[in-house]
Amino acid sequence: MKEPTKENEKMPFGWALFCILFLLISMILSVAWLDIPVHINLLASMAVTLAVAAVNGKSWDEIAGYIEYGGKICMAPTLTMMIIGILIGSWIASGTVPMIIYWGLKLINPAVFLVASCVVCCITSVATGSSWSTAGTVGIALIAVGGGLGINPAMTAGAIISGSYFGDKMSPMSDTTNLAPAVAEADIFDHIRAMIYTSGPSLIVALAVYGVLGMQYTAHNVNSEEIQLTMDTLKSVFNLNPVVLLPPVIVSVMAVLKKPAIPTLLISSAVAAILAMTVQGATLTEITTIMDTGYVSETGIYDIDVLLSRGGLQSMMWTASLGMLGMLYGAIMEKSGLLEAFLDKLKMFTGSLGGLVTMVILSCIILLAATASQTLAIVVGGRMYIGEFRKKDLLPQTLSRTLEDSGTIVSPLIPWSLCGVYMAGTLGVPVLSYLPYAVFCWLCPILAIIYGFTGKFFWKTGEIPSKRTYRPVDTRS
Numbered sequence: 001m002k003e004p005t006k007e008n009e010k011m012p013f014g015w016a017l018f019c020i021l022f023l024l025i026s027m028i029l030s031v032a033w034l035d036i037p038v039h040i041n042l043l044a045s046m047a048v049t050l051a052v053a054a055v056n057g058k059s060w061d062e063i064a065g066y067i068e069y070g071g072k073i074c075m076a077p078t079l080t081m082m083i084i085g086i087l088i089g090s091w092i093a094s095g096t097v098p099m100i101i102y103w104g105l106k107l108i109n110p111a112v113f114l115v116a117s118c119v120v121c122c123i124t125s126v127a128t129g130s131s132w133s134t135a136g137t138v139g140i141a142l143i144a145v146g147g148g149l150g151i152n153p154a155m156t157a158g159a160i161i162s163g164s165y166f167g168d169k170m171s172p173m174s175d176t177t178n179l180a181p182a183v184a185e186a187d188i189f190d191h192i193r194a195m196i197y198t199s200g201p202s203l204i205v206a207l208a209v210y211g212v213l214g215m216q217y218t219a220h221n222v223n224s225e226e227i228q229l230t231m232d233t234l235k236s237v238f239n240l241n242p243v244v245l246l247p248p249v250i251v252s253v254m255a256v257l258k259k260p261a262i263p264t265l266l267i268s269s270a271v272a273a274i275l276a277m278t279v280q281g282a283t284l285t286e287i288t289t290i291m292d293t294g295y296v297s298e299t300g301i302y303d304i305d306v307l308l309s310r311g312g313l314q315s316m317m318w319t320a321s322l323g324m325l326g327m328l329y330g331a332i333m334e335k336s337g338l339l340e341a342f343l344d345k346l347k348m349f350t351g352s353l354g355g356l357v358t359m360v361i362l363s364c365i366i367l368l369a370a371t372a373s374q375t376l377a378i379v380v381g382g383r384m385y386i387g388e389f390r391k392k393d394l395l396p397q398t399l400s401r402t403l404e405d406s407g408t409i410v411s412p413l414i415p416w417s418l419c420g421v422y423m424a425g426t427l428g429v430p431v432l433s434y435l436p437y438a439v440f441c442w443l444c445p446i447l448a449i450i451y452g453f454t455g456k457f458f459w460k461t462g463e464i465p466s467k468r469t470y471r472p473v474d475t476r477s
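As numbered in the UniProt record's numbering, the sequence shown has no gaps in its residue numbers, which increase by one up to the final residue, 477.
If you're looking for bench data, these hints aren't it; they were derived computationally from the structure.
Positions of the beta carbon are idealized from the N, C-alpha and C atoms, including for glycine.
Certain hints may be false.
Restraint ranges, calculated between C-beta atoms of paired labels, are given here [unchecked claim]:
1. 296 x 321: 19 to 27 Å
2. 345 x 450: 36 to 44 Å
3. 218 x 436: 41 to 49 Å
Derived lysine-lysine pairs resembling PhoX-like cross-links, with alpha carbons at most 25 Å apart [claimed, not checked]:
4. 106 x 72
5. 259 x 72
6. 391 x 460
7. 456 x 392
8. 10 x 347
9. 460 x 347
10. 391 x 467
11. 72 x 10
12. 456 x 347
13. 467 x 392
14. 391 x 456
15. 391 x 345
16. 345 x 392
17. 460 x 392
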């Protein structure tokens, strides 16, 4: 089989535009009016793109190579999604999630819950460097606590995602925090310092919004009898021994030690399964069934059963298959040359600094929509525009920051991107429902564009100390 390469001939812009518009319009029509399953939309878009590639002279061997490439890059995230499903089921069965819910209901004031959720996720994701691990562990517990307090799940999910992506963006242990400066040829700590100017104000505004939203959930407005009933039921159904907090402790410790995500999640799930058998009295058959199909709560109290009936490998298959299709579509667009043909046209708008910043952000968002991958958005977007930043003698960290302001934190706002399908599947809240409340994620790129047009915090060589600079280029013809 012929291995696809980046040296493939560039495709005509008209065909590239057609493929992008087909995907975006079909997705918008489906979500807004037609109610066509998103998987079928992606398959149809993939078929159209394959046909365009064939019409433009690509052989089936080449096209099969594109699909094989997409399969390789989507396997690790797909496996991670499946394991998260297992982890959620095992954490509930072990009593970990019920324990967190119990103490969350007991200690947290509903008025500050959204702010507290965002802050807790910030701290966790800075420590672990992973938005996925944060949402899949602390996040699911916070969703359950919020449900017990009667708080809108979309608001809770928005606060969780804002906090998770702040940490993912700012942590030196995050993969994207290392990837963006590597692509932009910046020093990682210069990069992190530069991100403070967009991430800091965006987080402060987000926390203020959550504070205002939380004012409607005062202790006076919350049904204290229902909360007490939930707590009493959890205490009667589960053995709330402190040892059941061992699974999240394992995740935190292994993350700080920079251990890979997949073995970390598997070990935590295995420990939770052992606790389910030894502390909660589950049999081996029961816990393995829960890990496969999810925990089913049968307390007879509707709200509690809704809170706890979730998880399992099978529950993540819809999410995993959607992520896989998105990555396959993106691989075909990338390797066929269609994506490059489309994005090259955007470079004509990069004359001013504001135009350049806007085009970087727009390109990364288009890449996210077209490839479903934040990694491809950062890599392709960065390599496309590094020459433009070099010509303007801007410091490398201004490019790497802009890549993160779009390629990293907009990813959970796109329903068919890997991050979007993961967050929606894990938290049980559709992307379009939590999008308005994920304030940090949509405010950062807006702030970056404002800085671009005002010239604020886009430094040139010599304006601030920097470990790396772009070498001057001779722009004379």
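Going down the list of hints, with the structure as the test:
no.: 1; hint: 296 x 321: 19 to 27 Å; verdict: holds, 23 Å
no.: 2; hint: 345 x 450: 36 to 44 Å; verdict: violated, 25 Å
no.: 3; hint: 218 x 436: 41 to 49 Å; verdict: violated, 22 Å
no.: 4; hint: 106 x 72; verdict: violated, 46 Å
no.: 5; hint: 259 x 72; verdict: holds, 22 Å
no.: 6; hint: 391 x 460; verdict: holds, 11 Å
no.: 7; hint: 456 x 392; verdict: holds, 15 Å
no.: 8; hint: 10 x 347; verdict: holds, 16 Å
no.: 9; hint: 460 x 347; verdict: holds, 20 Å
no.: 10; hint: 391 x 467; verdict: holds, 19 Å
no.: 11; hint: 72 x 10; verdict: holds, 23 Å
no.: 12; hint: 456 x 347; verdict: holds, 22 Å
no.: 13; hint: 467 x 392; verdict: holds, 18 Å
no.: 14; hint: 391 x 456; verdict: holds, 18 Å
no.: 15; hint: 391 x 345; verdict: holds, 18 Å
no.: 16; hint: 345 x 392; verdict: holds, 19 Å
no.: 17; hint: 460 x 392; verdict: holds, 8 Å
Checked against the numbered hints listed earlier, the structure breaks hints 2, 3 and 4; every other hint is satisfied.
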